[in-house]
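The chain contents come next:
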Amino acid sequence: MKLSKTLKSKSPGLSGLLRSSLLSATVAGMALMAGPTFAQTLTAVKHSALRVLDPIMTTAYMSRNHGYMIFDTLYALDSDLVPQPQMVESHTVSDDGLTYKFTLRTGLKFHDGAPVTGEDVAASIARWGERDGMGQVLMSFVDSMSGDGNVFVMQLKKPYGLVIDSLAKPSSNVPFIMPKRLAETPSTEPIPDQIGSGPFVWVADEFQPGVKAVYAKNEDYVPRDEPASWASGGKVVKVDRVEWVVISDDQTTLNALQAGEIDYWESPPNDLLPILQGNSDITVRNLNKMGMQTIMRPNTLHPPMDNVLIRRAAIAAVYQKDVLDALVGSSEYYNLCGAMFVCGTPLASAVGSETLTEGNGMDKAKALLAEAGYDGTPIVIMHPTDVGSLRTQPVVVAQAMRDAGFVVDLQAMDWQTLVGRRASQAPIAEGGWNLFITNWVGADVFNPLVNNMVNGKGSDGGWFGWPDVPKLEELRMSYATAGTLDDQKMLAEEIQKISYEEGVYAPIGQYFIPSAWSSELEGVLDGPVPFFWNISK
Amino acid sequence: MYGYILRRLLAAIPVMGFVALFVFLLLRLTPGDPAAILAGDTATPAQLEAIRTSLGLNDPLFVQFFNWISDLMRGDFGTSILSGKPVIELIADRMEPTISLALTTITLSVIIAVPLGVIAAWKQGTLIDRFVMLLSVLGFSVPVFVIGYLMITLFSMQLGWFPVQGFKPIGDGVGNFLHRIALPTFTLTLLYIALIARITRTSMLEILGEDYVRTARAKGLPESRVLMRHALRNCSVPIITVIGIGFALIISGVVVTESVFNLPGLGRLTVDAVLSRDYPVIQAVILLASLIYVLINLLIDIFYVLLDPRIRYS
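Quick mapping for you: the protein sequence lines, in order, are chains B and V.
Okay, so the first sequence: first residue is 1 according to the working numbering, each after it adds one.
Okay, so the second sequence: first residue is 538 according to the working numbering, each after it adds one.
Since the hints were made in silico from the structure, they are not lab data.
Every value quoted in this text rests on a predicted model; they were computed, and no experiment measured them.
Idealized CB from N, CA, C, for every residue including glycine.
Check the hints yourself; a few may be wrong.
If the Cβ cut is set under 7 Å, some of the chain V residues that face chain B in the computed set are [unchecked claim]:
1) Ala-549
2) Asp-570
3) Pro-623
4) Val-701
5) Ser-789
6) Val-792
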């Protein structure tokens with residue numbers, strides 16, 4: 001209005017009329033173009049679309065990431081891998097080591113306004129303990145759990161050294177705390193509501209699976225005073241909304257980031273990194289120092305891979321550099337690492353992995369095949385061609401195995417076919433398989449309890465591939481009760497040694513996926529999971 | 538006419554039934570287990586069984602089919618296995634981008650392609666005709682995604698006239714809507730211009746050689762009247778057929794265009810559902826697509842009557 005007046009006084013007559021018309025048209029146009037605007041909306045493209053909303057029912061990383069937005073945890077790991085209290089104010093342990101008493105911070109509230117109680121915690125931990133591997137081990141030590149007001153009590157049957165570490169588990173499944181009424185949902189069914197006590201509130205009305213997930217700042221959240229470090233410390237939300245949008249095409253995502261239409265891209269493909277790094281308006285950085293572990297997993301149930309010598313031959317034939325050159329390309333973003341519990345962690349060890357990292361195992365592979373009397377039975381390798389991060393490894397592994405003398409049947413399929421088929425314990429002729437390749441976030445494999453592949457329970461309770469190695473289970477239980485870090489290291493190394501000897505699996509490389517974001521963003525946190533608190537725009 | 542429409546609608550019922558049965562059985566024969574997808578990496582066999590049971594996947598196939606069909610009869614399209622959202626909601630969310638793109642593309646294509654085809658036929662063998670044919674060949678030969686990326690590079694990244702991606706519903710403002718839908722529309726329009734212009738030209742050439750056209754010209758009618766009233770109207774049947782099929786094709790999903798411009802349409806919903814074995818969503822989307830084809834075919838037949846009085850359905 002004021003602008004129109006000024007314009008009129010300066011530009012009378014026809015030209016004034018024209019200018020006024022132009023101004024009106026411009027204003028009208030702007031009004032037409034303007035959609036609903038939100039101050040401080042952070043728009044992110046994640047590695048995948050969010051579909052399953054229950055982070056306990058599934059191990060999907062997107063569900064875990066969603067969990068971190070709206071739920072909170074009792075403890076959380078900091079960047080030194082040390083558990084720090086998060087929802088917990090303090091805890092005490094009885095002299096006999098059997099009673100853990102946790103007192104929650106004051107002021108913790110769920111998004112529906114209800115206070116967080118010890119009963120909510122007990123129900124949440126019980127549900128998590130049904131599904132998660134580390135949770136199941138913890139539950140095997142737990143006699144009872146109870147809550148009263150802001151106190152949660154865990155009574156153990158026998159001392160267990162990893163209670164706090166379990167409650168601080170950083171990756172799938174994370175022991176998120178939810179209201180008791182939700183946590184009482186059977187763990188094989190999804191929770192009906194998304195009510196947590198975390199730093200963001202779920203905006204259910206705007207959720208479009210495969211398109212968009214929206215989170216609003218939880219105005220009632222009381223962050224801790226400590227600085228944020230990984231999932232621990234103060235979860236201070238500095239934007240009003242976070243929108244996770246799905247853009248299925250990488251080139252379009254790249255263009256959208258460069259044009260300022262999105263703020264953050266969790267996992268750009270390696271071939272586009274040089275373009276991003278050449279743009280001064282974009283920051284590219286690896287946030288997850290543990291990186292990813294790509295692994296090959298043989299099926300121990302069926303010939304010829306039921307023969308340990310054949311499994312060891314397959315592992316000996318593979319050179320990590322070949323795999324990683326094909327998968328990643330730039331050595332800046334990968335690491336030759338044979339440590340089953342991830343290089344750069346306290347439990348890292350190179351024992352048993354020399355051929356993988358030095359590439360000198362081909363002769364050994366051929367000798368092992370000869371010793372095993374391999375008869376040329378084809379090795380069925382499942383090859384998921386629709387997932388970029390899993391497309392190349394099977395080809396490289398298959399060729400290495402062929403070079404060693406294996407006959408390989410590389411079967412192309414989509415990832416979901418693989419997911420269904422890998423659960424089959426049927427013989428090869430009836431839809432079974434011999435070997436597949438997958439990737440893990442480092443935080444999912446960084447100790448013997450979270451690392452599913454060193455589970456030696458066999459076909460009843462083991463992970464796909466089902467190695468039956470009782471010694472591994474003994475060692476894992478010893479690890480669970482080990483008193484010191486030195487004992488844990490020794491046991492972890494022994495577990496790794498036996499795992500290689502038994503050919504239960506092989507890490508075929510550690511690699512890193514840098515993220516890219518607008519340089520307007522500040523405070524992006526490192527961590528095994530992309531966190532959205534502490535970021536200002 | 539009404540009797541004909543009713544008969545056609547009734548005849549669509551067994552077609553839809555066959556499609557429903559075919560899609561249902563095909564999905565069950567496809568490898569992949571929604572329960573395993575839902576449960577993730579660490580579920581035990583017992584937990585997987587529990588999930589399968591809770592989803593009804595352990596029921597005999599005929600029971601599953603009967604349950605699905607009886608739910609459909611009540612207007613219940615089921616619930617997405619993964620997200621837990623009603624399928625009808627998921628489809629409704631994706632309908633607007635798809636229908637919008639179909640309407641804008643077909644409208645723009647018809648406005649440009651029909652006159653081009655008429656002129657090309659009228660000026661057969663001239664530079665104009667050759668230019669229209671060249672355009673047509675280009676439209677057919679250059680993949681849609683290449684045109685899309687070129688459009689984005691030029692109009693979004695270089696000139697900054699349009700956003701790179703995304704969709705805004707018309708409820709967010711007409712300007713906003715058009716701003717977002719423009720580039721995908723231009724991209725697809727090139728393909729449809731090629732198709733419709735070529736069909737128009739061919740049909741027109743056939744008609745322009747007819748005696749009655751020569752007669753009309755001999756009577757001294759203006760050329761525009763000869764072309765538009767005598768020629769174009771009489772060759773509209775094949776043009777309408779192509780337009781109708783083109784519309785149905787867009788409605789049933791143009792995945793590449795939707796992906797390049799990040800339009801949350803039915804095509805992407807279908808692909809996502811197939812990749813995640815979300816049976817209720819796949820079944821509903823395919824059933825919907827077949828229904829659209831049936832209805833559009835019916836509409837085309839009705840248009841035939843309106844445009845050509847010689848056509849009568851008994």
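Do the hints match the structure? See the list:
1. For Ala-549/V, the interface hint is violated, the least distance from its beta-carbon to any beta-carbon of chain B being 29 Å, above 7 Å.
2. With 7 Å as the threshold, the beta carbon of Asp-570/V comes within range of chain B, its nearest partner Cβ sitting at about 4 Å, so the hint holds.
3. A cut of 7 Å between beta carbons decides the hint on Pro-623/V: the least distance to chain B is about 11 Å, and the hint is violated.
4. Hint status for Val-701/V relative to chain B: holds, with the closest Cβ pair at about 4 Å, below 7 Å.
5. Here the hint on Ser-789/V is broken, as its CB sits about 17 Å from the closest CB of chain B, past 7 Å.
6. Using the Cβ-Cβ criterion of 7 Å, the hint placing Val-792/V at the interface with chain B is not satisfied: the shortest such distance is roughly 9 Å.
Consistency with the previously given hints fails for numbers 1, 3, 5, 6, ordered from lowest to highest.
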